[in-house]
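Q: Okay, here's what each chain looks like letter by letter:
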Amino acid sequence: MPPLQLVWRNLLKRKTRFVLTTLSLAIAVFLLCVLQSLVVALNAGVKAAAVNRLIVQSKVSLFVYLPQSYGPKIEQVEGVESVMRWNWFGGYYQDPSNFFAQFACDQEKLRAIYPEIEVIDGAWEDFLTDRKACLVGEATANKYGLRVGDNFPIIGALFPKTDGTTWDFRIAAIYKSTKKNVDDATLFFHYKYLEQALESGEGSGPEGVGIFVVQTAPGADNTEVMSRIDALFEQGPQAVQSTTEAEFQAQFVSMIGNVPLFVSSIGGGVMVAILLAALNTMLMAAREQTRDVGVLKALGFGDAVVGNMLLMQSLAMCLTGGLLGIALAVGSEEPMSKMLGTVFPGYEVTQGTLLTAALVVVGIGFLAGIGPALRARSMSVIAALRRTG
Amino acid sequence: MALIQLRKVVKTYTRGGETLRVLDQLDLDMEAGGFYALMGPSGSGKTTLLNLIGGLDRADEGQIVIDGEDIAAMRGPELAEWRAEKVGFVFQGFNLIPVLTAQENVELPLLLTKLSRSQRREHAQTALELVGLGDRRTHRPSQLSGGQEQRVAIARALVSDPMLVLADEPTGDLDRKSADDVLRLLRQLNEQYQKTILMVTHDMAAAQQAKTIVHMDKGRLGSIEQLR
Chain A
166 MPPLQLVWRN LLKRKTRFVL TTLSLAIAVF LLCVLQSLVV ALNAGVKAAA
216 VNRLIVQSKV SLFVYLPQSY GPKIEQVEGV ESVMRWNWFG GYYQDPSNFF
266 AQFACDQEKL RAIYPEIEVI DGAWEDFLTD RKACLVGEAT ANKYGLRVGD
316 NFPIIGALFP KTDGTTWDFR IAAIYKSTKK NVDDATLFFH YKYLEQALES
366 GEGSGPEGVG IFVVQTAPGA DNTEVMSRID ALFEQGPQAV QSTTEAEFQA
416 QFVSMIGNVP LFVSSIGGGV MVAILLAALN TMLMAAREQT RDVGVLKALG
466 FGDAVVGNML LMQSLAMCLT GGLLGIALAV GSEEPMSKML GTVFPGYEVT
516 QGTLLTAALV VVGIGFLAGI GPALRARSMS VIAALRRTG
Chain B
221 MALIQLRKVV KTYTRGGETL RVLDQLDLDM EAGGFYALMG PSGSGKTTLL
271 NLIGGLDRAD EGQIVIDGED IAAMRGPELA EWRAEKVGFV FQGFNLIPVL
321 TAQENVELPL LLTKLSRSQR REHAQTALEL VGLGDRRTHR PSQLSGGQEQ
371 RVAIARALVS DPMLVLADEP TGDLDRKSAD DVLRLLRQLN EQYQKTILMV
421 THDMAAAQQA KTIVHMDKGR LGSIEQLR
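From first to last, the protein sequence lines are chains A and B.
Counting in the numbering used here, the final residue of the first sequence is number 554, and the numbers go up one at a time with none missing.
Counting in the numbering used here, the final residue of the second sequence is number 448, and the numbers go up one at a time with none missing.
Keep in mind the hints are simulated off the structure, nothing from the lab.
Remember, predicted model here, so these are calculated numbers, not experimental data.
Note that the Cβ used here is the ideal one computed from N, Cα and C, for glycine as well.
Hints are not guaranteed to be accurate.
[What the hints assert, rightly or not] Facing chain B, from chain A, some residues (calculated, C-beta under 7 angstroms): (1) Pro168; (2) Arg174; (3) Lys178; (4) Asp457; (5) Val460; (6) Leu464; (7) Gly467; (8) Val527; (9) Gly528; (10) Ser543; (11) Val546; (12) Ala548.
[As the list claims (entries may be wrong)] Simulated pairs of lysine to any residue, SDA-like, Cα-Cα distance not exceeding 25 angstroms: (13) Lys178/A - His359/B; (14) Lys178/A - Gln312/B; (15) Lys334/B - Leu169/A; (16) Lys308/A - Met501/A; (17) Lys178/A - Leu320/B; (18) Lys438/B - Arg551/A; (19) Lys274/A - Asp328/A; (20) Lys180/A - Lys503/A; (21) Lys306/B - Asp468/A; (22) Lys306/B - Ser545/A; (23) Lys503/A - Leu169/A; (24) Lys228/B - Val285/B; (25) Lys306/B - Ala469/A; (26) Lys334/B - Asn473/A; (27) Lys228/B - Ile547/A; (28) Lys274/A - Asn263/A; (29) Lys308/A - Asp468/A.
The shape of chain A in the complex, shown without the other chains (with noise of 0.2 angstroms):
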């Protein structure tokens, strides 16, 4: 064991060096972590997603709708057992800037499909009663203060209103989702409020079904039923593909591009950019401690020992910058997850992420550290100390 009083005081002997090494690391860590939870938060939809939902879209794309008599047809096949009309509204809250999801559903099916929704203050009945109700997530409901019995006035983008007014909600509940599939931004309401509207002329946007949501029976074949949906309308008029809730999840994150990957790739690029400042302050801390090499080696301390020493200050410089990233990090969750709010619902700082920046930071100073330690452990007494004869 190096002696240890010697791996602290090398390393706070350069103060500014230190200090500067040290929160580039935190601050690196801290990115790493956020951006880590960013495609946590992207993912956890996918992996929440339940086994027995399936998708129904058109073959064409996500934004090509369907006839509204799939719905029965559907509710026919084999290992059905309830089937949801489920329609993007695509509206926002005053100002564009105030975006967060918003559906139209079969509401009166919703609570038996998405057992996760919890209604947190007011109630289902109420959701289910009136046409014009809705179900707000807590997330917005906290974001925009709004209160059960509350009016909601949302302007359609994509199903505008003819006379150019709001659509008119009453908040009947806000609910709380127990997994991470279901966030806690959206606003649920009647799928008849939208249709009436369009066939009154109130108001105007694409007719059909966005989506079905498709919940299977107990111990149903999933892939078989999929199967099943899928040869119905396979002559049209309009041809359907099934999907698991999972996979559809999946490729609505893939729509936006491969963000996890891109997001990563850019938590890659900092970790490479602080290993080589991290190895960059190991180089020159370790030339600066060649003598001192010498010295201990001269005075009986083993190869091994020394190169530990050495070892041992990067170890110490990385975690304690990591650390202070990991409490940053840790920290800043909670306002960030408000700050994130609607855009990135979910965001969290998983143990997982946690344990990815600590491995992370271990492995900077282990390779930032054994490069110096190898050479001091190699260096010859006389060449440390710089004496020949």
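Dock chain B against chain A, hints included.
A: Just chain B, lined up with the frame of chain A:
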């Protein structure tokens, strides 16, 4: 039997493609309790000889037997252990660790022993008092004069009670007064504590403090002068 026995020791260095024979078939005996000054012109091989005897470097050929052990046959870790136990070094440039206090510098060799922390502290304090720096133990090397630094280095060399103290130009970087203090200390170590001392020096006044002066020239033994 002599404490240090060198037989047919050869050491060569290669520089710029040229092989230099720094020590050439050197035979030398040194007695326990002796105080030897190694003198000679630059390149005569005196520092190389000191490094070989201290186990800091390895001979190409020959035998180096110290206290009955052939250190030329020892390998890395074994040689490091031997150094820690048997040899104390005093260098021209003091070579104290700059981030440690005087006391911590002196304690360093004791980290390789089984002594407890309090025992190490006690030993280091005693060594510092012996060199007259008991009141400077919390000072860093940068807060000490050159003479004081070298006295700390001597305290470090003797704290583990080695049988052999090797000093390479210990007064080379010091003014006369500081040099005299250091030499007085080395002499005290030799006479009072029976440490065998081998000192490389260019300074005749320093060499006069030794009991024996060994003159070297071109890697070979010159004359041996017995002073006391």
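Q: Hint by hint, say whether it matches the structure.
A: Structure-based check of each hint:
1. Proximity of Pro168/A to chain B holds as hinted, the smallest CB-CB distance being about 6 angstroms (cut-off 7 angstroms).
2. Restraint check, Arg174/A versus chain B: the minimum CB separation of about 4 angstroms is within 7 angstroms; hint holds.
3. For Lys178/A, the interface hint holds, the least distance from its beta-carbon to any beta-carbon of chain B being 5 angstroms, beneath 7 angstroms.
4. For Asp457/A, the shortest C-beta to C-beta distance to chain B is roughly 5 angstroms, which falls under 7 angstroms, so the interface hint holds.
5. The restraint placing Val460/A at the interface with chain B holds, with a minimum CB-CB distance near 5 angstroms, inside the 7 angstroms limit.
6. Among the interface hints, the one on Leu464/A holds; its C-beta lies about 5 angstroms from the nearest C-beta in chain B, closer than the 7 angstroms criterion.
7. Annotation: Gly467/A was flagged as interfacial toward chain B, and the flag holds, the nearest CB pair being 5 angstroms apart, inside 7 angstroms.
8. The restraint placing Val527/A at the interface with chain B is violated, with a minimum CB-CB distance near 25 angstroms, outside the 7 angstroms limit.
9. Interface hint at Gly528/A: violated, since its Cβ lies 27 angstroms from the closest Cβ of chain B, which is beyond the 7 angstroms cut-off.
10. A least Cβ separation of about 10 angstroms between Ser543/A and chain B goes past the 7 angstroms threshold, and the interface hint is therefore violated.
11. For Val546/A, the interface hint holds, the least distance from its beta-carbon to any beta-carbon of chain B being 4 angstroms, beneath 7 angstroms.
12. Taken as an interface hint, Ala548/A does not check out: its beta carbon lies about 10 angstroms from the nearest beta carbon of chain B, beyond 7 angstroms.
13. Restraint check for Lys178/A and His359/B: the C-alpha separation of about 15 angstroms stays at or below 25 angstroms, so the hint holds.
14. Proposed proximity of Lys178/A and Gln312/B is supported: the alpha carbons are some 24 angstroms apart, at most 25 angstroms.
15. Of the pairs offered as hints, the one joining Lys334/B and Leu169/A holds, with about 17 angstroms between alpha carbons and a cut-off of 25 angstroms not exceeded.
16. About 13 angstroms separates the Cα atoms of Lys308/A and Met501/A, which keeps this hinted pair within 25 angstroms; it holds.
17. As the CA atoms of Lys178/A and Leu320/B are separated by approximately 10 angstroms, the hinted pair is consistent with the 25 angstroms bound.
18. For the hint linking Lys438/B to Arg551/A, the alpha-carbon distance of about 21 angstroms falls within 25 angstroms, and the restraint holds.
19. Restraint check for Lys274/A and Asp328/A: not satisfied, since their Cα atoms lie roughly 31 angstroms apart, outside the 25 angstroms limit.
20. Note on Lys180/A and Lys503/A: the hinted pairing is violated, with a Cα-Cα distance of about 36 angstroms set against a maximum of 25 angstroms.
21. At most 25 angstroms may separate the alpha-carbon atoms for a hinted pair to count; Lys306/B and Asp468/A meet this at roughly 18 angstroms.
22. Taking the CA atoms of Lys306/B and Ser545/A, the gap is about 19 angstroms. The hint holds against a cut of 25 angstroms.
23. Among the hinted pairs, Lys503/A with Leu169/A is inconsistent with the structure: their alpha-carbon atoms are about 43 angstroms apart, more than 25 angstroms.
24. As the CA atoms of Lys228/B and Val285/B are separated by approximately 12 angstroms, the hinted pair is consistent with the 25 angstroms bound.
25. For a cut-off of 25 angstroms, the pair hint linking Lys306/B to Ala469/A stands: about 21 angstroms separates their Cα positions.
26. Our distance criterion of 25 angstroms between C-alpha atoms is met by Lys334/B and Asn473/A, whose separation comes to about 20 angstroms.
27. Straight-line distance between C-alpha atoms of Lys228/B and Ile547/A comes to about 22 angstroms, which keeps the hinted pair within the 25 angstroms bound.
28. Note on Lys274/A and Asn263/A: the hinted pairing is violated, with a Cα-Cα distance of about 28 angstroms set against a maximum of 25 angstroms.
29. As the CA atoms of Lys308/A and Asp468/A are separated by approximately 61 angstroms, the hinted pair breaks the 25 angstroms bound.
Taken one by one, the earlier hints fail for this structure at numbers 8, 9, 10, 12, 19, 20, 23, 28 and 29, listed in ascending order.
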